[in-house]
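Since the structure of chain S is already known, use the hints to place chain A on it.
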Amino acid sequence: QKEVEQNSGPLSVPEGAIASLNCTYSDRGSQSFFWYRQYSGKSPELIMSIYSNGDKEDGRFTAQLNKASQYVSLLIRDSQPSDSATYLCAAEHYTGGFKTIFGAGTRLFVKA
Amino acid sequence: DAGVIQSPRHEVTEMGQEVTLRCKPISGHNSLFWYRQTMMRGLELLIYFNNNVPIDDSGMPEDRFSAKMPNASFSTLKIQPSEPRDSAVYFCASSTQGAGGDEQYFGPGTRLTVT
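Keeping their order, the protein sequence lines are chains S and A. Mapping the first sequence onto my numbering, position 58 (from 1) lands on 58, and the numbers just tick up by one. Count along the second sequence starting at 1, add 112, and that's the number in my numbering.
Honestly, I wouldn't trust all of these hints.
With a straight-line Cα cutoff of 27 Å, these simulated BS3-like cross-link-like pairs (lysine-lysine) come out [what the hints assert, rightly or not]:
#1 Lys99(S) - Lys190(A)
#2 Lys180(A) - Lys136(A)
#3 Lys99(S) - Lys136(A)
#4 Lys190(A) - Lys56(S)
What the hints contain is simulated information worked out from the structure, not anything from laboratory work.
The shape of chain S in the complex, shown without the other chains:
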């Protein structure tokens, strides 16, 4: 079992719709979770971090965490073509220092 699992997609949504990206993790000790966006040919860019159960909103983005179910999600409201990218879910382990494990990413296409 991979430590952080995501559906590779592609996930295709029409412009203006809500895009829902999901992620599960295997280490119950993980306390911090992150969503990174990666455009083709570019480096990953941090867009959201979440540490507590529940929802965290930042503009059009909402991250959701359920530690009991070991589940993290990212909702993108009013999706725009510029949101088309690969979204990487990441969970943090502590091994003498913080080590972040990344999922394989979900490719999102927003159709104009």
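What follows is chain A alone, placed relative to chain S:
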């Protein structure tokens, strides 16, 4: 403030040659990470440093790979000898580890091609 700086941005070399990738983390960050990304394996952590000390190098594929961080503002990843299967994009990232978690900031990457 400048972000994470990596050089070179592109490197093409022949099998058997030595390759050195360089990274300057964001000033004030105390942790530095080296990743490798390929289509097949995704983003893999190779090694990370905390306060210039290597903490976990379990992701380094084999003895051909080595990494150093002689000071807080510079790190190198060396591959000697290089092989075609080392072709990938290598990212360096830095962060301020602490109670706030580990929000990492990535450099632009070095695209390595070994022929």
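Taking the hints in turn, this is what the structure says about them:
{"no.": "1", "hint": "Lys99(S) - Lys190(A)", "result": "holds, 21 Å"}
{"no.": "2", "hint": "Lys180(A) - Lys136(A)", "result": "holds, 12 Å"}
{"no.": "3", "hint": "Lys99(S) - Lys136(A)", "result": "holds, 20 Å"}
{"no.": "4", "hint": "Lys190(A) - Lys56(S)", "result": "violated, 40 Å"}
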